[in-house]
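Colleague: Construct the entire structure; sequences and hints are all you get.
Residue numbers are given in the UniProt record's numbering: position 270 of the sequence shown equals residue 270, and the series is strictly consecutive.
Hint data in this document are derived by calculation from the structure and do not stem from the laboratory.
Among the clues, some could well be false.
[Stated by the list, open to error] Taking lysine-lysine pairs in the DSS-like style, the calculated list, with each CA pair at most 27 Å apart, reads:
id	residue 1	residue 2
1	LYS89	LYS78
2	LYS181	LYS225
3	LYS81	LYS59
4	LYS181	LYS206
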Amino acid sequence: MAKNKKNIKSRLIHHYRWMLVDDSTREAKFSMRITILNLLLVFAILTTLLFGLAYVVLKYSPLKTYFIEETASFDQVKSQKEILRLNEKIIAIEDTLSRNNLFLEHLQKVVSGDLKAAEVDSLMSKRTPVLIDDKSLKASAEDSLFRAQIAQEELESLKNTTSTNNLATLYPPVRGIITGKYSISENHLATDIAAPIGESVKAVTKGIVVFSGWNPDTGNTMILKHDNDVMTMYKHCAKVFKEVGDEVAKGDVIASVGNTGELTTGPHLHFELWIQGHAVDAEDYIEF
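Modeller: So this is what it looks like as structure tokens:
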């Protein structure tokens with residue numbers, strides 16, 4: 001056994017000569033003295049370098065995607081979910097901004113008075129005329145009286161239905177003298193209340209401020225949005241004390257009476273009450 005080990009060791013360290021010889025002239029061009037042990041060492045070093053290079057390439061270069069199918073880590077999965085969530089949120093915000101821009105566009109028209117009564121009030125909606133020959137339809141006095149009674153009952157029913165939305169308990173925006181009444185024929189869709197400059201203007205019910213700023217025609221203006229698709233507008237104010245997005249309670253002071261804007265006729269509050277997109281007579285719902 002010892003003899004065999006000795007023979008193996010002697011072979012490993014036995015010297016050999018590696019020569020490059022020109023085949024035509026038999027002249028030695030290059031020679032190297034080597035041993036089998038040296039060859040094994042060189043092979044081991046080269047193999048190690050080759051595997052090291054392959055590891056670096058597959059670990060840190062884009063080529064790894066062609067050879068290794070990576071399993072996403074927990075942090076990567078979490079990041080991807082967060083990106084998807086943010087993307088959905090951005091889409092929702094864009095949709096909300098689009099709706100708000102449309103709302104503000106129409107709101108600006110209302111504030112500036114560009115919308116006329118014929119465009120916004122349901123009482124002024126266009127109807128197709130029906131031509132009836134007087135001879136073919138002759139209403140008696142009893143029929144006329146009955147029809148008038150039915151119309152009055154329908155009007156009272158409409159007012160009672162609207163009052164169920166708590167509109168009958170609206171707080172007066174300001175105490176004063178009514179100098180301008182709601183009139184469709186005069187295109188005055190508001191109630192003007194004369195009061196001293198600086199008098200407190202209060203919210204008629206709880207709501208949120210959707211507009212608070214200056215308008216050349218109406219001066220300092222504030223618009224509140226309330227429940228049940230109700231909106232109130234306060235124009236020609238001396239000052240406004242709330243900003244867009246503020247929530248207000250019933251009776252909160254939101255502004256003060258003034259005389260601002262080009263369309264004002266003196267110190268007063270121009271108050272508008274809108275229900276489901278239509279301007280209505282505020283005196284039907286508020287005791288000034």
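Colleague: LYS181 and LYS206 were given as a pair; does the straight-line alpha-carbon distance stay at or below 27 Å?
Modeller: This hinted pair holds, its Cα atoms lying about 24 Å apart.
Colleague: Going straight from one Cα to the other, do LYS181 and LYS225 come out at no more than 27 Å?
Modeller: 22 Å, holds
Colleague: Given the proposed pairing of LYS89 with LYS78, does the C-alpha separation stay at or below 27 Å?
Modeller: 16 Å, holds
Colleague: LYS81 and LYS59: Cα distance at most 27 Å?
Modeller: 25 Å, holds
Consistency with the previously given hints is maintained throughout, with no hint failing.
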